[in-house]
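Q: This is what each chain is made of:
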Amino acid sequence: MKNIKYIAIIALGLVACEPELDNSVEDAGFYSAGTADFSNFVSVGNSLTAGYADGALYLEGQKYSYPNILADRFSHAGGGNFTQPLVNDNFGGLTLGGTQITDNRFVLSGDPLALSILPGTPTTEVSNILAGPFNNVSAPSAKSFHLLSNSYGDVSGVALGTANPYFARFASSSSATMLGDAVAQDPTFFSLWIGNNDILSFATSGGVGVDQLGNSTNLSLYGPNDITDPALFHGTYDAILSGLTANGAKGVVMNLPSVTSIPYFTTVPYAPLSPADPDFGPQIPTLNGIFGQLNGVYAFLGVPERSIVFSETSASAVVIIDEDLVDLSAQITAVFLGSPAFVPFVESLGLPAAAAPLVANLLGTTYGQSRQANANDLLVLPSSSIIGTVNSTVAAALEAQGLPAAMAAQFAAEGVTLPLEDKWVLTETEVTMVANAQTAYNNSISMLAAANDDVILVDVKSSLEQLANAGLSSNGVTITDEYATGGGFSLDGVHPTARGYAFIANIVLKRINTEFGASIPVTNTGNYPTVYID
Amino acid sequence: MKKLLSFVLFFLVGSTLYAGGYRVSIQGQKQLAMGHTGVAVISSAESVFFNPASISFLDGKMNFSLGVSGIIAETRFENKDFGDVNSTESGLATPFNFYATYKANDWLSFGLGVYTPYGSSVEWEKDWSGSHLVNDIDLKAIFVQPTVAVKISDKLSIGGGPIYVNGSVNFNKNLNRSLVDLNGNRTNVTVEQKGISAWGYTLGVMIKPIEKLNIGFNYRSKVTMQAEEGDADFENVPGSLPNNLSDGKFDADLPLPAEVTVGLSYEFCDKFLFAFDYNFAQWSEYEALVVEFDNDAGVSTSPRNYKDAETFRFGLQYEATKKVTVRTGVYFDQSPVQDGYFAPETPRNDSVGYTAGLSFKVNDKLSIDASFLYLHFDEIDNSYDHYQEGGQNVPFGGTYKSSVIAPGLGLSYKL
Chain H
1 MKNIKYIAII ALGLVACEPE LDNSVEDAGF YSAGTADFSN FVSVGNSLTA GYADGALYLE
61 GQKYSYPNIL ADRFSHAGGG NFTQPLVNDN FGGLTLGGTQ ITDNRFVLSG DPLALSILPG
121 TPTTEVSNIL AGPFNNVSAP SAKSFHLLSN SYGDVSGVAL GTANPYFARF ASSSSATMLG
181 DAVAQDPTFF SLWIGNNDIL SFATSGGVGV DQLGNSTNLS LYGPNDITDP ALFHGTYDAI
241 LSGLTANGAK GVVMNLPSVT SIPYFTTVPY APLSPADPDF GPQIPTLNGI FGQLNGVYAF
301 LGVPERSIVF SETSASAVVI IDEDLVDLSA QITAVFLGSP AFVPFVESLG LPAAAAPLVA
361 NLLGTTYGQS RQANANDLLV LPSSSIIGTV NSTVAAALEA QGLPAAMAAQ FAAEGVTLPL
421 EDKWVLTETE VTMVANAQTA YNNSISMLAA ANDDVILVDV KSSLEQLANA GLSSNGVTIT
481 DEYATGGGFS LDGVHPTARG YAFIANIVLK RINTEFGASI PVTNTGNYPT VYID
Chain X
1 MKKLLSFVLF FLVGSTLYAG GYRVSIQGQK QLAMGHTGVA VISSAESVFF NPASISFLDG
61 KMNFSLGVSG IIAETRFENK DFGDVNSTES GLATPFNFYA TYKANDWLSF GLGVYTPYGS
121 SVEWEKDWSG SHLVNDIDLK AIFVQPTVAV KISDKLSIGG GPIYVNGSVN FNKNLNRSLV
181 DLNGNRTNVT VEQKGISAWG YTLGVMIKPI EKLNIGFNYR SKVTMQAEEG DADFENVPGS
241 LPNNLSDGKF DADLPLPAEV TVGLSYEFCD KFLFAFDYNF AQWSEYEALV VEFDNDAGVS
301 TSPRNYKDAE TFRFGLQYEA TKKVTVRTGV YFDQSPVQDG YFAPETPRND SVGYTAGLSF
361 KVNDKLSIDA SFLYLHFDEI DNSYDHYQEG GQNVPFGGTY KSSVIAPGLG LSYKL
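Those sequence lines, one after another, are chains H and X. This note's numbering puts the first residue of the first sequence at 1, with every later residue one more than the last. This note's numbering puts the first residue of the second sequence at 1, with every later residue one more than the last.
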């Protein structure tokens, strides 16, 4: 009897007790897609579209890729399913034939917290080809022209460097192009964010590549760290956009942020050498004594601007190699050898007079193309871990030439006595090359977007400038470009955090709402994680 | 009797939600059916709760009442800015009550009450958008009240007794809005303590100034539930997090506020009884939920700033036949929660309770009492504005709509 009663009570409750709002967000028409149709959303791009963060592509990052966040928002206004070529784990490294070919993700660990690569064996094997299609057609490190390449997804080319491991994992065939795989899905709506790597790989490599300005035809001459010719970029972008809009799809294109908006280039100061540093400060008089000799030679050769002086009261700039300076190695060596004061100087260093030619040669080759950095030079993030350290390779080489071990080490201090190599610094000239290309690309993106009524431009460049200058705020959180602590950028210093991607998604959504007359809810940025602690 | 006991024990597992903060106004099937009036009603052993003085005037040497309700409550939350839609899990909660009275002689009566006037069981979807405030909470408190009543005259009685409270708390929330471990699992904390003991008391006065009119007064003291050295279990804490968030202990106080009820009942047309109760609860006692952890989580203070709350109750009883008595009622229940303090752990706004029920007399001694409560809440746009992150308030709010029904069943036995 009681049992029956309670079954009845429960049944009654189930039918009677579902509270409903008068005007529920789940009611049809509560949110509107405006003139857009999100039923089949396809996103095309590079690492920034893939959800790459912390130097790797891992599951958590993919979950918070900006197009995945968008797709979740679109689901309120007729959006369909959004699939991504998910990796296998949260380590993030890739393997090819069982051998790890990319690093695991960065995390913060230890006490005190420090940057480290997450230990563990990754399980994402590139040769395990996923069955697509996937709405997110993006591959970390893809450049604009890669989207049109029919060898970019060929897994057999990964080891040779002719194919991209991320795309090869899910390309529809070994000769598929990224654009082709996107267009084949017949998207109703798309987002395109491409071109970043056309400058960024040059920039992050410290400008070791070549500016291919003027070479719009011969792709075989392009190295991985080169700057893409703007004319080639324009033609490529036009082709991509034409492909994506061919069936009448509407979409958004995003322009390219400046390198000075990302912590990879803004974290390490050009003048990090503090006199308060016990490893550096006490040596300043000695260093200035030695460099005083060199500065005299610079003055004699008519290049006093190359003088190296370390301040005993304020932080000094590091010494760098600037490829764009005339190489004066031979002249420096010759001037030293011709100077009557040089032999006594060599002896004052505790070396025999016979070592004078060796030292003159050494000074000439080391400082033939060097100068101290200035505020327009950008030191890349990884340089922070080597500045001031002894370059053991150089030290060993000096020792082999006959210098005592201690002195060899003294002349191999990175950024102090050993000018920083090209790869650690994006020099003023290189910054200008990057900025010129970026401006040209962005002009192309604006022009091509404006020419198509179905396409709107999202000015991510300006938003990231604002992020870098003042920070961006919403929903009780502010993100800045401060490395590791700012919340906007992941630990690789280039790619956003999940929260950073959420801000970007909201910027895109607001444009879609305005331009397509849609009313899609934004996402709550405060709920997204930032950097990960092990 | 053994069977009865196991029946009671079975329903100890859940006593729950609703009516003013975490107060659950379901302390007797007969009286619930009359809008949960009763401070001036002389009808059954349920008076042990409603007004201990009135047991002096009960018929019969001994009276027993036993009842249980099944509360089916659900709250829906929506946020239009973000498109959030969340609902609480609608479990079945079962506040119960057991009362017994014994008339020792003409002027002295004894009673015993066991009931569950407080409780809250709210379970949101894990990691929902308000999970930094609460994932789930389960408060239980069982009151045991020995009672004595003295009839001073045929027109006046007083009564009262100590209240022993045994309660438990289990509360889980995420540590903040975004902290996760390497695999994205949200960092959260569960605080739990069982067997919390506390004491209080109740006093009542019953006046029968003229025939057919009763006036009642009841005071129930504040009871403070003090969790001391409860278990705090932190989960998914990143190992290298500089803050020490290892599992430990916690202390917290939760006030069950004092309340005063005054009311009257009036018999008319022979078969009708009208009752009115005015209830005032001193919810302003509840200023903040302060949880002190013994690790780097430190002292977590969540301002509540409740206000005192009133309830107006109206009930009507009609003896339809010799076997059947029907009852109905309505009450207007003011929420103690103020604007800007609307926390999803007690998503409570003003409500109107509609009640009905009937008693069926099996014989002169035994009757079966059925009750039904429908608690209506308007939908409300409100927020909790006092959660802090990085030194600034981060409001959490949206539109809430709650719905509660509670069918109940009881037995009354008279000797």
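A few of these clues could be false.
If you anchor each label on the Cβ, the simulated ranges turn out as follows [said to hold, decoys possible]:
#	chain 1	residue 1	chain 2	residue 2	range
1	X	K249	H	D277	24 to 30 angstroms
2	H	G120	X	D233	47 to 53 angstroms
3	H	D72	X	N393	22 to 28 angstroms
4	H	D453	X	D339	45 to 51 angstroms
5	X	N393	H	D453	55 to 61 angstroms
6	H	D22	X	T224	36 to 42 angstroms
7	H	E20	X	E319	24 to 30 angstroms
Simulated crosslink set (DSBU-like; lysine-lysine; CA at most 35 angstroms straight-line) [to be verified]:
#	chain 1	residue 1	chain 2	residue 2
8	X	K80	H	K510
9	X	K307	X	K61
10	X	K126	X	K414
11	X	K155	X	K80
12	X	K361	X	K307
13	X	K249	X	K212
14	X	K307	X	K208
15	H	K510	X	K208
16	X	K155	X	K222
17	X	K222	H	K63
18	X	K194	X	K155
19	X	K194	X	K212
20	H	K63	X	K323
21	X	K80	X	K208
22	X	K80	H	K461
Quick caveat, the hints were computed from the structure, so don't treat them as lab data. Note that beta-carbon positions come from the ideal geometry of N, C-alpha and C, so glycine has one too.
Q: All the hints need checking, so say for each whether the structure fits it.
A: Going down the list of hints, with the structure as the test:
1. X:K249 / H:D277: 24 to 30 angstroms: Once the Cβ atoms are compared, 45 angstroms apart, the range 24 to 30 angstroms for D277 (chain H) and K249 (chain X) is violated.
2. H:G120 / X:D233: 47 to 53 angstroms: Given about 27 angstroms between the Cβ atoms, the range is violated.
3. H:D72 / X:N393: 22 to 28 angstroms: holds (27 angstroms)
4. H:D453 / X:D339: 45 to 51 angstroms: holds (47 angstroms)
5. X:N393 / H:D453: 55 to 61 angstroms: violated (44 angstroms)
6. H:D22 / X:T224: 36 to 42 angstroms: Cβ of D22 (chain H) to Cβ of T224 (chain X): about 40 angstroms, so the range 36 to 42 angstroms holds.
7. H:E20 / X:E319: 24 to 30 angstroms: The hinted range 24 to 30 angstroms is violated for E20 (chain H) and E319 (chain X), with Cβ atoms some 38 angstroms apart.
8. X:K80 / H:K510: holds (15 angstroms)
9. X:K307 / X:K61: violated (42 angstroms)
10. X:K126 / X:K414: Violated - the C-alpha atoms of K414 (chain X) and K126 (chain X) are around 48 angstroms apart, more than 35 angstroms.
11. X:K155 / X:K80: Answer violated: K155 (chain X) to K80 (chain X) is near 59 angstroms, above 35 angstroms.
12. X:K361 / X:K307: violated (42 angstroms)
13. X:K249 / X:K212: Since the Cα atoms of K249 (chain X) and K212 (chain X) sit roughly 56 angstroms apart, the hinted pair is violated (cutoff 35 angstroms).
14. X:K307 / X:K208: holds (33 angstroms)
15. H:K510 / X:K208: violated (70 angstroms)
16. X:K155 / X:K222: holds (29 angstroms)
17. X:K222 / H:K63: violated (49 angstroms)
18. X:K194 / X:K155: Violated: K194 (chain X) and K155 (chain X) sit about 44 angstroms apart, past 35 angstroms.
19. X:K194 / X:K212: violated (46 angstroms)
20. H:K63 / X:K323: The given pair, whose Cα atoms are some 65 angstroms apart, is violated under the 35 angstroms limit.
21. X:K80 / X:K208: Given that 35 angstroms is the threshold and the Cα spacing comes to 55 angstroms, the pair is violated.
22. X:K80 / H:K461: Judged against 35 angstroms, a Cα distance of about 29 angstroms means the pair holds.
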